[in-house]
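Chemist: Protein chains in written order, with this note's numbering: chain A, 9 to 169; chain B, 9 to 169.
Among these hints, one or two may not hold up.
Chain copies aren't distinguished; within one or between two, either way the pair holds.
Dumping the calculated SDA-like pairs for lysine to any residue here, alpha-carbon to alpha-carbon at most 25 Å [unchecked claim]:
1. Lys152 / Met9
2. Lys140 / Ser124
3. Lys30 / Glu98
4. Lys115 / Thr97
5. Lys140 / Glu73
6. Lys152 / Pro49
7. Lys30 / Ala17
8. Lys140 / Gly28
9. Lys30 / Gly55
If you're looking for bench data, these hints aren't it; they were derived computationally from the structure.
Residues per chain, in single letters:
Number of protein chains: 2
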Amino acid sequence: MSEIDRMLAANEQWAARFPGSKPVRPARKVAVVACMDSRMPLFGLLGLDVGDAHVIRNAGGVITEDVIRSLTVSQHLLGTREILLVHHTECGLQATDDRTFADRVEKATGRRPFWSVQAFTDVDDDVRTSIKQIQDCPYLISHKVRGTVYDVETGRLREVV
Amino acid sequence: MSEIDRMLAANEQWAARFPGSKPVRPARKVAVVACMDSRMPLFGLLGLDVGDAHVIRNAGGVITEDVIRSLTVSQHLLGTREILLVHHTECGLQATDDRTFADRVEKATGRRPFWSVQAFTDVDDDVRTSIKQIQDCPYLISHKVRGTVYDVETGRLREVV
Chain A
9 MSEIDRMLAA NEQWAARFPG SKPVRPARKV AVVACMDSRM PLFGLLGLDV
59 GDAHVIRNAG GVITEDVIRS LTVSQHLLGT REILLVHHTE CGLQATDDRT
109 FADRVEKATG RRPFWSVQAF TDVDDDVRTS IKQIQDCPYL ISHKVRGTVY
159 DVETGRLREV V
Chain B
9 MSEIDRMLAA NEQWAARFPG SKPVRPARKV AVVACMDSRM PLFGLLGLDV
59 GDAHVIRNAG GVITEDVIRS LTVSQHLLGT REILLVHHTE CGLQATDDRT
109 FADRVEKATG RRPFWSVQAF TDVDDDVRTS IKQIQDCPYL ISHKVRGTVY
159 DVETGRLREV V
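Isolated chain A, as found in the complex (with noise of 0.2 Å):
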């Protein structure tokens, strides 16, 4: 049976005890940004319920133009109105930079991307850079945002002041 075979046989069981759906706007009118890392399940680890809070996802939790456009129609269609960043310990994309990545995507596919794989260094500092580029949107209607790490060897979130 491969991985996603078992993902689906899993959710036969999710959907039996499936508790009953709920409104499409989050309860507590919350979007978080978070890293794609699989160490962070971010219900679980935020105690989250079911229809509490959007979540957008991507490699290192940046801020792009593509959360641009998650947290704008969060806040816009959806009514979320506070943003929560999680950036985390140990990123892979602390071990890399343009130069390094793209020779490697060019040598295994034949193909240079031309996008910045946004690699950082200081995981305090890309936060505050987060939180900088939430604060500067012109599109949304609240600029409330507070960051945090997630420690992955310790499961505890700290905010970064």
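For this one, chain A is given, so just place chain B on it according to the hints.
Modeler: Just chain B now, with coordinates in the frame of chain A:
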């Protein structure tokens, strides 16, 4: 207490029963691409454990340049080899279009988005379009991709073929 303070407090409980660290490379070598919708706790509904799979999410679960960046990082730096798409019923992006959305954002903020909101009408068609975009992506090592629609009324995933 603000909603974000409540989430940070909930994290203390998570950290108190934290089972220990996992490797950065996803154990099941899968990257999930899904909508940000608040009703989809992906670890729960796919039976994922901490460390199993990358989770990439945006408004709609659509394949943008940022998702391609994230999937390229996922495969080249962190070893994933399969992609699972999770769209869902009753998506907020089915109730708008670029002009309606831009009018709304401009009225509320004074700024008109230059980017598309990525609205769609038929969710199965949207999944098929996303599958095709993954298959055509020149930066990936593996183009193994399957697409599903999550029913927010029942908790059940249906594969789109």
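Chemist: Would you mind marking each hint as holding or not holding in the structure?
Modeler: Going through the hints against the structure:
no.: 1; hint: Lys152 / Met9; result: between (45 Å within a copy, 15 Å between copies)
no.: 2; hint: Lys140 / Ser124; result: both (19 Å within a copy, 23 Å between copies)
no.: 3; hint: Lys30 / Glu98; result: between (35 Å within a copy, 11 Å between copies)
no.: 4; hint: Lys115 / Thr97; result: neither (28 Å within a copy, 40 Å between copies)
no.: 5; hint: Lys140 / Glu73; result: both (14 Å within a copy, 22 Å between copies)
no.: 6; hint: Lys152 / Pro49; result: both (23 Å within a copy, 24 Å between copies)
no.: 7; hint: Lys30 / Ala17; result: both (23 Å within a copy, 24 Å between copies)
no.: 8; hint: Lys140 / Gly28; result: neither (38 Å within a copy, 33 Å between copies)
no.: 9; hint: Lys30 / Gly55; result: both (17 Å within a copy, 20 Å between copies)
Violated hints, listed in ascending order, are 4 and 8; each of the other numbered hints is respected by the structure.
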